[in-house]
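Chemist: Single-letter residue listing:
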Amino acid sequence: MTRITRFRAGVLAAAVGAALSAAPAWAGTYDLTVDRVRIDTGAFTRTGIGYNGASPGPVLRFREGEDVTINVTNNLDQWTSVHWHGLILPYQQDGVPGVSFEGIAPGQTFTYRFPIVQAGTYWFHSHSGFQEADGAYGAIVIEPATREPFRYDRDYVVQLTDAHPHPGSRIMRNLKMMPDYYNRQQRTLFDFLGDAADEGLGAALSDRADWGGMRMMPTDVEDVQGFTPLMNGKGPEGNWTALFEPGERVRLRFINSSAMAYFDIRIPGLKMTVVQADGQNVQPVTVDELRIAVAETYDVIVRPTEDRAYSILAESVGRTAMARGTLAPREGMEAEVPALREPPRLTMADMGMAHGGMDHGSMGHGATAGDSHVMPDGTMMQGMDHGAAGDAAAGTHVMPNGSVMAGAAHAGMGSDSGTHTMPDGSVMEGMAHGGHRAAPADRFYAPGSGLTPVVADGGRFLSYADLKAQKPLYPERAPTREIELRLTGNMERYIWSFDGVKHEDAEPIRLQYGERVRFTFVNETMMTHPMHLHGMWSILDTGNGAWNPAKHVVSVPPGTTVAMEVEVDAPGRWVFHCHLAYHMEAGMMREVIVEGGPEGTAVDLGAGHGHGHARGAGG
Amino acid sequence: MPFTTTLRGCVAATLMILAAPVIAHAAGAHDGGHGGIHGQPATASAASRTVEVIMHDNYYEPEAISVRAGETIRFKVRNAGALVHEFNIGTAQMHAEHMPEMQMMVDHGVLKADRFDREAAKAMSKAMGHSMDHDYANSALIEPGKSAELIWTFPKNTEVRLDFGCTVPGHYESGMVGSFEFDAGS
Chain A
1 MTRITRFRAG
11 VLAAAVGAAL
21 SAAPAWAGTY
31 DLTVDRVRID
41 TGAFTRTGIG
51 YNGASPGPVL
61 RFREGEDVTI
71 NVTNNLDQWT
81 SVHWHGLILP
91 YQQDGVPGVS
101 FEGIAPGQTF
111 TYRFPIVQAG
121 TYWFHSHSGF
131 QEADGAYGAI
141 VIEPATREPF
151 RYDRDYVVQL
161 TDAHPHPGSR
171 IMRNLKMMPD
181 YYNRQQRTLF
191 DFLGDAADEG
201 LGAALSDRAD
211 WGGMRMMPTD
221 VEDVQGFTPL
231 MNGKGPEGNW
241 TALFEPGERV
251 RLRFINSSAM
261 AYFDIRIPGL
271 KMTVVQADGQ
281 NVQPVTVDEL
291 RIAVAETYDV
301 IVRPTEDRAY
311 SILAESVGRT
321 AMARGTLAPR
331 EGMEAEVPAL
341 REPPRLTMAD
351 MGMAHGGMDH
361 GSMGHGATAG
371 DSHVMPDGTM
381 MQGMDHGAAG
391 DAAAGTHVMP
401 NGSVMAGAAH
411 AGMGSDSGTH
421 TMPDGSVMEG
431 MAHGGHRAAP
441 ADRFYAPGSG
451 LTPVVADGGR
461 FLSYADLKAQ
471 KPLYPERAPT
481 REIELRLTGN
491 MERYIWSFDG
501 VKHEDAEPIR
511 LQYGERVRFT
521 FVNETMMTHP
531 MHLHGMWSIL
541 DTGNGAWNPA
551 KHVVSVPPGT
561 TVAMEVEVDA
571 PGRWVFHCHL
581 AYHMEAGMMR
591 EVIVEGGPEG
601 TAVDLGAGHG
611 HGHARGAGG
Chain B
1 MPFTTTLRGC
11 VAATLMILAA
21 PVIAHAAGAH
31 DGGHGGIHGQ
41 PATASAASRT
51 VEVIMHDNYY
61 EPEAISVRAG
71 ETIRFKVRNA
81 GALVHEFNIG
91 TAQMHAEHMP
101 EMQMMVDHGV
111 LKADRFDREA
121 AKAMSKAMGH
131 SMDHDYANSA
141 LIEPGKSAEL
151 IWTFPKNTEV
161 RLDFGCTVPG
171 HYESGMVGSF
181 EFDAGS
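As they're listed, the protein sequences go chains A and B.
Heads up: the first sequence begins at 1 in the working numbering, then just goes up one per residue.
Heads up: the second sequence begins at 1 in the working numbering, then just goes up one per residue.
In case anyone wonders, no lab produced these hints; they're calculated from the structure.
We put the beta carbon where it would ideally sit given N, CA and C, even for glycine.
One thing to keep in mind: the hints can contain errors.
Once the Cα atoms are required to be at most 20 Å apart in a straight line, the calculated SDA-like pairs of lysine to any residue come out as [stated by the list, open to error]:
{"#": "1", "chain 1": "A", "residue 1": "471", "chain 2": "B", "residue 2": "115"}
{"#": "2", "chain 1": "A", "residue 1": "471", "chain 2": "B", "residue 2": "113"}
{"#": "3", "chain 1": "B", "residue 1": "112", "chain 2": "A", "residue 2": "541"}
{"#": "4", "chain 1": "B", "residue 1": "112", "chain 2": "A", "residue 2": "465"}
{"#": "5", "chain 1": "A", "residue 1": "471", "chain 2": "B", "residue 2": "114"}
{"#": "6", "chain 1": "A", "residue 1": "471", "chain 2": "B", "residue 2": "82"}
{"#": "7", "chain 1": "A", "residue 1": "471", "chain 2": "B", "residue 2": "146"}
{"#": "8", "chain 1": "A", "residue 1": "234", "chain 2": "A", "residue 2": "337"}
{"#": "9", "chain 1": "A", "residue 1": "471", "chain 2": "B", "residue 2": "54"}
{"#": "10", "chain 1": "A", "residue 1": "271", "chain 2": "B", "residue 2": "101"}
{"#": "11", "chain 1": "A", "residue 1": "234", "chain 2": "A", "residue 2": "331"}
{"#": "12", "chain 1": "A", "residue 1": "471", "chain 2": "B", "residue 2": "145"}
{"#": "13", "chain 1": "A", "residue 1": "271", "chain 2": "B", "residue 2": "47"}
{"#": "14", "chain 1": "A", "residue 1": "271", "chain 2": "B", "residue 2": "93"}
{"#": "15", "chain 1": "A", "residue 1": "271", "chain 2": "B", "residue 2": "177"}
{"#": "16", "chain 1": "B", "residue 1": "112", "chain 2": "A", "residue 2": "472"}
{"#": "17", "chain 1": "A", "residue 1": "471", "chain 2": "B", "residue 2": "143"}
{"#": "18", "chain 1": "B", "residue 1": "112", "chain 2": "A", "residue 2": "475"}
{"#": "19", "chain 1": "B", "residue 1": "112", "chain 2": "A", "residue 2": "476"}
{"#": "20", "chain 1": "A", "residue 1": "471", "chain 2": "B", "residue 2": "116"}
{"#": "21", "chain 1": "A", "residue 1": "471", "chain 2": "B", "residue 2": "99"}
{"#": "22", "chain 1": "B", "residue 1": "112", "chain 2": "A", "residue 2": "473"}
{"#": "23", "chain 1": "B", "residue 1": "112", "chain 2": "A", "residue 2": "516"}
{"#": "24", "chain 1": "A", "residue 1": "271", "chain 2": "B", "residue 2": "99"}
{"#": "25", "chain 1": "A", "residue 1": "271", "chain 2": "B", "residue 2": "104"}
{"#": "26", "chain 1": "B", "residue 1": "112", "chain 2": "A", "residue 2": "544"}
{"#": "27", "chain 1": "A", "residue 1": "471", "chain 2": "A", "residue 2": "516"}
{"#": "28", "chain 1": "B", "residue 1": "146", "chain 2": "B", "residue 2": "116"}
{"#": "29", "chain 1": "B", "residue 1": "112", "chain 2": "A", "residue 2": "547"}
{"#": "30", "chain 1": "B", "residue 1": "76", "chain 2": "B", "residue 2": "45"}
{"#": "31", "chain 1": "A", "residue 1": "271", "chain 2": "B", "residue 2": "106"}
Only some residues are given here: those of chain A computed to face chain B with a beta carbon under 8 Å [what the hints assert, rightly or not]:
{"#": "32", "residue": "113"}
{"#": "33", "residue": "174"}
{"#": "34", "residue": "283"}
{"#": "35", "residue": "286"}
{"#": "36", "residue": "303"}
Please model the complete structure; the sequences and the hints are all you need to start from.
Modeler: Structure below.
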């Protein structure tokens, strides 16, 4: 449907709706069944769980302002649930067993009813056991009530997942038993000898000892490898294809429904203009590549002008697998599929928090334009990519914020790559900034991090710093309270937690209706965690003040501190957790109770509290 | 402020005219490159009619404007959105060539989401050695709530595809562009 036709249809529907003013304008009823299904990735088959007989489940299409009724029939022999990820709704409709409701018993039909108060791209999945990882996920597309701030001629849902030959329950058992069970990139003797050649024997030994002492492997970027990435249910060979006519604007609704895998998305030959993040309109920003965390969504506009095929690539951040689809003018076409890139290696920078902070002032500073570097006071300065800044010792140059910086300040920083002695007595080399590749700085990654995104084919990589609300959801105000949460874990025992306390041993986080709470996540682990709060928006502090975007997933890389703020306006019982499936199950979750509320809406929460995620039998 | 005649090929080093609500007046360095293939600026007295264009976030109203070959139109452009937008007459190629400069203005904090930072523009002009003023005869960069006028004579050659677009980073790609349709009769 063209935009104009859609707009006219919307106007007509609105007029009809207004005429029937006694009833809501739209009130649709939708039926979902939860079934055992066969999952065929092209690389392997196994049984899993799906909706309406398939995995992924259907794309549910709602309209902003609609009152939806969704009947979910459980055809499994175990309890199930459906959580509407990113949707604002009454807490009893949120679908978390033991928190929102009891769950859906085998054979039972549970009816969800709630109003749709937002528009954009979202998704749904089971919140019971490992059913989501086993295939129980689908997409939600909500048409807006008013015109969107961007135009397109056609749109496609592009839903990604990391399908694994092992069912989720088995993966969990294996991880608990041996945390590196699925980490195929374990470093070998040959890797060590290679390091010794590169860095010198002393440095390589020291490096190895440090990593060993922390009981982590430098390759722990992905703790579950061996998956086949799917795009809309098809493996790379399946080549899911989206058709276009040259010159059209195409909207791609990327959803990462993986259990554990992050993907770097690019379409060689096409730039992507990001217009939504987590369903919320952002000021459009054109990039060549973007990283999508588990559970995030990004809507982009592309405009292919040539009569040829383009590959849609989603390369896992650990570089072990790549999902592949095609944008083409006709069926049956494909474009070049490049090889996987070299796996990133975590660096000591990613361990920053675990060492109680490092002496940034003694770090080396290369003169390369474009590098980030850490100022003596610990703040990080973005690299400049215009030539004038290169020779910092010379003149002045203008900082991004308009102030003018004297050139001499750079010279005074010192250029020796200072070493420092670690608490255990081993010596760590300083960060030789001049030496490592000049990856454009992304201040959401620790300086010198091995995970800092680098564009595959040149151009620009999206950063959280680029995300600004198109129209802020809430007025800006100072937070009324601050809560710091340390992201903690013990990789050897595969325990993940907040502040060292697992979900089952923790008290709920209690918030008061009307607060604005600033959550600061301090990541003391080696992994990147996508933090997801149910029921309320997470206003991510991207440094853009009033334009900070509202999201529902905030990804926190290792060794970093990331903050988001919540306008506490949804009474009831919610949860908050790392969306990596096996981390959540291992304890990285909390119940969140919102007390109080406007007259008539405050929830009677009764005495005591539930223990959160009551898993169905069988898990 | 009157529209001055073109200074093609010269780098204008003038400062911003701070009092005016609109940022585009005198022609600047970028206007001349295509030798009038997209038309040329004109004075109000030559205009045969006035067309109102409203900027929203992120689109124009209307999205298509009929014109006759050689016609002179006075455009009254108003920004009814919450973000800064541009009304830029040219070919798609010209818009693409203009985009890197707009991106640089964003990177240097000159072009903010909802305003044009004149202090930052002055500082950037000093550092860059030439004016970062956005003053081109074929273009108006307008802050929210403000208006501007742009008087344009369309070329006699009706084969050139002209549109009006906003090259604030991301806007054009999102669809903030409208087309000039040459009347069949011209």
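Chemist: Below or equal to 20 Å on CA atoms is what counts here, so check residue 112 of chain B against residue 472 of chain A.
Modeler: 15 Å, holds
Chemist: Are the Cα positions of residue 112 of chain B and residue 541 of chain A separated by 20 Å at most?
Modeler: Cα-Cα ~17 Å, so holds.
Chemist: Holds or violated: are the alpha carbons of residue 471 of chain A and residue 82 of chain B at most 20 Å from each other?
Modeler: 8 Å, holds
Chemist: Between the alpha carbons of residue 471 of chain A and residue 143 of chain B, is the straight-line distance 20 Å or under?
Modeler: 16 Å, holds
Chemist: If you draw a straight line from the CA of residue 112 of chain B to the CA of residue 544 of chain A, is it 20 Å or shorter?
Modeler: Holds - the C-alpha atoms of residue 544 of chain A and residue 112 of chain B are around 10 Å apart, at most 20 Å.
Chemist: With chain B as the partner, please determine if residue 303 of chain A meets the hint condition of a C-beta pair closer than 8 Å.
Modeler: Holds - the Cβ of residue 303 of chain A comes within 8 Å of chain B, reaching about 7 Å at its closest.
Chemist: Tell me if the straight-line CA distance from residue 271 of chain A to residue 106 of chain B falls inside 20 Å.
Modeler: 19 Å, holds
Chemist: Verify the proposed pairing of residue 271 of chain A with residue 93 of chain B, using a straight-line Cα cut of 20 Å.
Modeler: 16 Å, holds
Chemist: Residue 234 of chain A and residue 331 of chain A were given as a pair; does the straight-line alpha-carbon distance stay at or below 20 Å?
Modeler: The hint holds at about 15 Å.
Chemist: Compare the distance between the alpha carbons of residue 76 of chain B and residue 45 of chain B with 20 Å, and conclude whether the hinted pair is satisfied.
Modeler: Given pair residue 76 of chain B, residue 45 of chain B holds - Cα atoms ~15 Å apart, limit 20 Å.
Chemist: Quickly compare the C-alpha distance for residue 471 of chain A and residue 516 of chain A to 20 Å and report which way the hint goes.
Modeler: At roughly 19 Å apart (the allowed maximum being 20 Å), residue 516 of chain A and residue 471 of chain A satisfy the hint.
Chemist: Decide if the proposed pair is consistent with the structure: residue 471 of chain A and residue 145 of chain B, CA atoms, cutoff 20 Å inclusive.
Modeler: With Cα atoms ~16 Å apart, residue 471 of chain A and residue 145 of chain B stay inside 20 Å; holds.
Checked against the numbered hints above, the structure violates hints 13, 21, 23, 32, 33; every other hint is satisfied.
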